[in-house]
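For this one, chain A is given, so just place chains B, C and D on it according to the hints.
Protein chains: 4
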Amino acid sequence: MRKVCVVVASRANYGRSKSVLTAIKNHPDLELQLIVSASALLYRFGNAIEIIKKDGFIPDATVYMVIEGETPSTMAKSTGLAILELATLFENLKPDIVLTTADRYETMATAVAASYMNIPLAHTQGGEITGSIDESVRHAITKLAHIHFPATEKSRERLIKMGEEVDRIYLTGCPAIDIITDIDLSLDGVFERYGGVGARIHTDKQYIVVLQHPVTTEFGSAFDQINQTLQAVKELHIQTIWLWPNVDAGTDAVSKGLRMFREKYNPDYVHFYRNFSPEDYARIIYNCSCLVGNSSSAIREGSYLGIPSVNIGTRQHGRERGRNVIDVGHDSVEIKNAIETQIKHSRYERDILYGTGSAGKDIAEILAGCSITIQKKLSY
Amino acid sequence: MRKVCVVVASRANYGRSKSVLTAIKNHPDLELQLIVSASALLYRFGNAIEIIKKDGFIPDATVYMVIEGETPSTMAKSTGLAILELATLFENLKPDIVLTTADRYETMATAVAASYMNIPLAHTQGGEITGSIDESVRHAITKLAHIHFPATEKSRERLIKMGEEVDRIYLTGCPAIDIITDIDLSLDGVFERYGGVGARIHTDKQYIVVLQHPVTTEFGSAFDQINQTLQAVKELHIQTIWLWPNVDAGTDAVSKGLRMFREKYNPDYVHFYRNFSPEDYARIIYNCSCLVGNSSSAIREGSYLGIPSVNIGTRQHGRERGRNVIDVGHDSVEIKNAIETQIKHSRYERDILYGTGSAGKDIAEILAGCSITIQKKLSY
Amino acid sequence: MRKVCVVVASRANYGRSKSVLTAIKNHPDLELQLIVSASALLYRFGNAIEIIKKDGFIPDATVYMVIEGETPSTMAKSTGLAILELATLFENLKPDIVLTTADRYETMATAVAASYMNIPLAHTQGGEITGSIDESVRHAITKLAHIHFPATEKSRERLIKMGEEVDRIYLTGCPAIDIITDIDLSLDGVFERYGGVGARIHTDKQYIVVLQHPVTTEFGSAFDQINQTLQAVKELHIQTIWLWPNVDAGTDAVSKGLRMFREKYNPDYVHFYRNFSPEDYARIIYNCSCLVGNSSSAIREGSYLGIPSVNIGTRQHGRERGRNVIDVGHDSVEIKNAIETQIKHSRYERDILYGTGSAGKDIAEILAGCSITIQKKLSY
Amino acid sequence: MRKVCVVVASRANYGRSKSVLTAIKNHPDLELQLIVSASALLYRFGNAIEIIKKDGFIPDATVYMVIEGETPSTMAKSTGLAILELATLFENLKPDIVLTTADRYETMATAVAASYMNIPLAHTQGGEITGSIDESVRHAITKLAHIHFPATEKSRERLIKMGEEVDRIYLTGCPAIDIITDIDLSLDGVFERYGGVGARIHTDKQYIVVLQHPVTTEFGSAFDQINQTLQAVKELHIQTIWLWPNVDAGTDAVSKGLRMFREKYNPDYVHFYRNFSPEDYARIIYNCSCLVGNSSSAIREGSYLGIPSVNIGTRQHGRERGRNVIDVGHDSVEIKNAIETQIKHSRYERDILYGTGSAGKDIAEILAGCSITIQKKLSY
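So the protein lines, in turn, are chains A, B, C and D.
Numbering-wise, this note's numbering puts 186 at position 90 of the first sequence, and it's gapless, one number per residue.
Numbering-wise, this note's numbering puts 411 at position 315 of the second sequence, and it's gapless, one number per residue.
Numbering-wise, this note's numbering puts 411 at position 315 of the third sequence, and it's gapless, one number per residue.
Numbering-wise, this note's numbering puts 293 at position 197 of the fourth sequence, and it's gapless, one number per residue.
The following block holds chain A by itself, in its conformation from the complex (with noise of 0.2 Å):
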């Protein structure tokens, strides 16, 4: 019985986890072992241990690594933190595989302890572009990682060039796109679950749904840009549904900017939340009118569920897409302006890109069945 070990690190890492994790705890032939860390643990970042566990999973440890400031070198910081707190535990622990998501500086503190400690690696979304440091980060892991499992064919076609070996690759689809394609869609009793501040939001209307993060390598110019989009939002004047930002370099700025708005206008339109839950997240952001700002659920969730979506800045840059994505720059006219526009669109025809909805499950059988060897070595 193979033990695979999860590091759940945020909000987000556990949407882009859970059908797998699902998969991992009810395959015969796998032990799933969970650590639940840094932001999923905080909440100023929602909370999501709460959620976690209301999903039935039992951490088998938790651990607190984020170092505050949410500045450059915090982020460096907290990422060596993470990986002597996970040393250690994945020391005690003795994973036969550890599975990492993404690009994010938690993901690569899991990196660096696996590989390190000769246990195999599994890497999910690997291959894509973006802007800011994930795109660095993520290759990065990518050439730590054992075994690959990307979320559209042109990434794998990406992992190949960049030396992977192909028989490490597994094409099997983005498991975030698992969770919303057997779940009823409807808003029924969303909102009553959650807390947050502000207007009241009445799911007759229509509205928008807005998630903004820094871009860690524009860190200086985070203040500025969330008041680009806060400005098109209060000129657009419509129900609006405001998620906190991750825990990043410049995360503090972007708050400081929120609160602010917040302070000034008192805006009785707006309602800010800090999380939801996976299902729920999707049924919010598939019923909106448009989502607005640089979440990848925009372009990963939004593809196969036909948001009308915005996305703004370089956060995304690169990063495969549907149709339902307009880009624009910092500019709180040209962000108006694609917001009018994608409201009067409507849905989009449904774009499977990112998958169809099997990913945890073909992942988990792959991890139970598949022959790994440590030693790597560059395809040329």
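Keep in mind that the hints were calculated from the coordinates and are not lab data.
Among the clues, some could well be false.
Intra- or inter-copy, both count: the list cannot distinguish identical chains.
With a cut-off of at most 30 Å between alpha-carbon atoms, the simulated DSS-like pairs for lysine-lysine come out as follows [to be verified]:
{"no.": "1", "residue 1": "Lys150", "residue 2": "Lys360"}
{"no.": "2", "residue 1": "Lys473", "residue 2": "Lys257"}
{"no.": "3", "residue 1": "Lys473", "residue 2": "Lys149"}
{"no.": "4", "residue 1": "Lys360", "residue 2": "Lys149"}
Same frame as chain A, but now just chains B, C and D:
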């Protein structure tokens, strides 16, 4: 004036950075910021800091960062600790560029800290192929680095294939070659400068040099592997200079093997050393009858100096090499035979595969003048 | 010239060190080495670094060291991280003396790092009695410190009883008093200098000030405790200046209580601030009708300035105090009644229990001249 | 059922905890949680983990936490790292009580982590007086501890004087005595169980035992100090069992002295060992002609077993002792003379100063039944 920060973390590191350090220090448009850390501060690993200071370098900071144990998990943890420490130092030194060398865990730590902190990262010796975890780590660092200084043409080509942008790559040769091109390579007075333990070395008689590191991805085998080499040397019964290994997962087992051998046989033909200055190391290997083990110096400096070398095991697997190297497995008979063959052969012809001695100056010149963008992009 | 290193880790820390920092900086035989760290660098906790710089101090180093979570375990972990970081800084700054203040976890970290490094440790505010973990930590630091600067005669006596050698103890009074003895205490222009959120403050009307920290040894009760105080203030419906709490186990719960209160009642009589300069803080509490909560400033500065104060709960339990304080439990009725009593009373007479304003200069003078032995000895 | 967590961090630590570990493990109302860490995991320091496992204890977690360098700053940093690691482990193990021993930096780390986490801390061997940093650290830990198990009546009295509440203090004697009261103390087969290096030990001839640790507050003198002892032993030229020192600031220098001595003189009368089981250590010192150095075992076990001992330097300065000890300075002549005097004297009478052998059971019994309040209070 650009501030270039270099982290020197071990004796090997120093030999491969020294010409660059000198060139940066002497460049009118560059300011050198030197951090000396990790095993470069430790007596057990040769106390390179003393040689560094004797050479006229004054560290801006020293920092202990090796977590003892020499297991896979302490390698991971030392990497984490190094990131924590280096981030604080970078935060206070505010370098414009960070320069890092090759593929050790301290290099990984330097790369992670600098890249999350939006500090342009320059990397030497990228694109090479080997065994061990070094192989994965080297390519991961490439993915984080903003400027590449590969040592060979084939390495340059591999960097391009891996998706690095061409105009970020400068073929300079290996700085390790620089220090051996313009010095007197005679042995006069060399051994008098060092302590060590064991038999007195007679420079008028032939001798071999052994330097064998553990292969971290073959962690559990380090003790057996060193014993094969010890057995070969014992049977040869020839004057031998033996260097203690680097700090890595498995070093403890290698050291134990060496100590047990000394205790058991009290060999009157072996002298153990912890460190030499880079120049003295060059003199010693230049004049030896055979360089044995798995150090890359047999391949780099070895090819330029034409040193008859026996390379053992997988650590240098796939690395581009000249004719001076015979590859063998961890088998005492094979090792012994290969050493005898090489002793008979005498010096090989010069091969400039790894450069001609101008790498340090070229790197400094490029660092002073090149334009650097932080945001990276896969080239395909 | 003795190098004296001071670690400033929070806004409160700064207020209680400022006069010492100034006196060290101005002393001909002393060199100030200033490290600014922990919550003093964080926006959420008032960004004291900006006030420190405005006051003309240039930090020799800044270092992030707060692990987010505000739980008992993150307090412990932040202490560990702080020791790691401070040891590296001390190693490079090479201070002759380290000076530390009071009883917070950053103080503990400073004390542990300095004492293991054989650096003489000077400690202010030792020998006092309170509740919370501060009580234990304060005395533990006393046991590590080489020179003591207690604030009161009774504290001095306790240090002697605890076995500290008499000639290591200097009764200087509390440096917090220094900055309030020679400044204009009028409110002119004070509030214009700060942002904060909530109602506009009218300086011509009476107001109260509230500052309530979590009690770490009563971690689980922080939310309930702050709600009692909020309830009392709500019923009083008087102009209120509310300061956010320090970073400690439980702060998250206190902040949550404050935010929920704001969200629910949108009170037009409360203004929330994150930080004031030490002098402005003195001005604000000097002119208030009542100082409410569990800050030691109600007791220290409060006694000297005669501020009518209501002290809630166990945090200051046992601390020597003047007549200006009424002690109450965590009960909204009790709190409300006590505030009303104090508002009626108006200012109390000056009490010089905590000193007369020369502590900073006296401490600097002693540090410049005293002889120090590293090896300590219990006096009995 | 109370969960009692014990952190074993070194071979000495284990000897002084073993009877308590056994008693906790066997107590019907207690559950033992064992963490093995620091030098107890390191080959260089005797790999105590193997003996611990052989004795039937199964660690709940192992954790590497020694930062190599053996300087004052690495001691500080190892303390910081240990706090980080232990806090995560305590968070996940959720002990009801943490039990810690004596005065090493790992003990300090354990005490800081537990006390900030509101976990009741029990402490053995508090209230004793010595030299080195241990003196300060021991009393600091007392100030953090909630339950005290002093070894001697005078120590108990000192704890009370220091302000500890009387009903938190239980005089139990020292657990180190427990394991020597009921075993066969003959040497049969003892040396066959260990490796080590150097001369073969003949149990039919008389021998001395040397164990000398660096004094961290006299860091720079460690090399000179060990050389005085080596010189004395060289002149005595008597069969000698020499134990490598603990990991501490200065250990590197002590080890260097020992290695240089071996290299230079290749003494055929000295055998070097890294570790013995606690029982075998007792057997070896019980049968020696003189126990030399600065280990507290000469004083604790030494007084009970009546071992003629020579205590060198300040490390045990002030510690309560029986008649079996002669104190000398770091002077080879003084040391030699004292050893000769003790060899002539032969065994002393038993002194039960440090207990009669029931400490472990008594401590377990008290831990199972006592009531504990977290909030401490200076008693005066």
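Verification of the supplied hints:
no., hint, in the structure
1, Lys150 - Lys360, "between (37 Å within a copy, 27 Å between copies)"
2, Lys473 - Lys257, "both (13 Å within a copy, 14 Å between copies)"
3, Lys473 - Lys149, "neither (40 Å within a copy, 38 Å between copies)"
4, Lys360 - Lys149, "between (37 Å within a copy, 28 Å between copies)"
Violation of the numbered hints given earlier is confined to hint 3; every other hint is satisfied by the structure.
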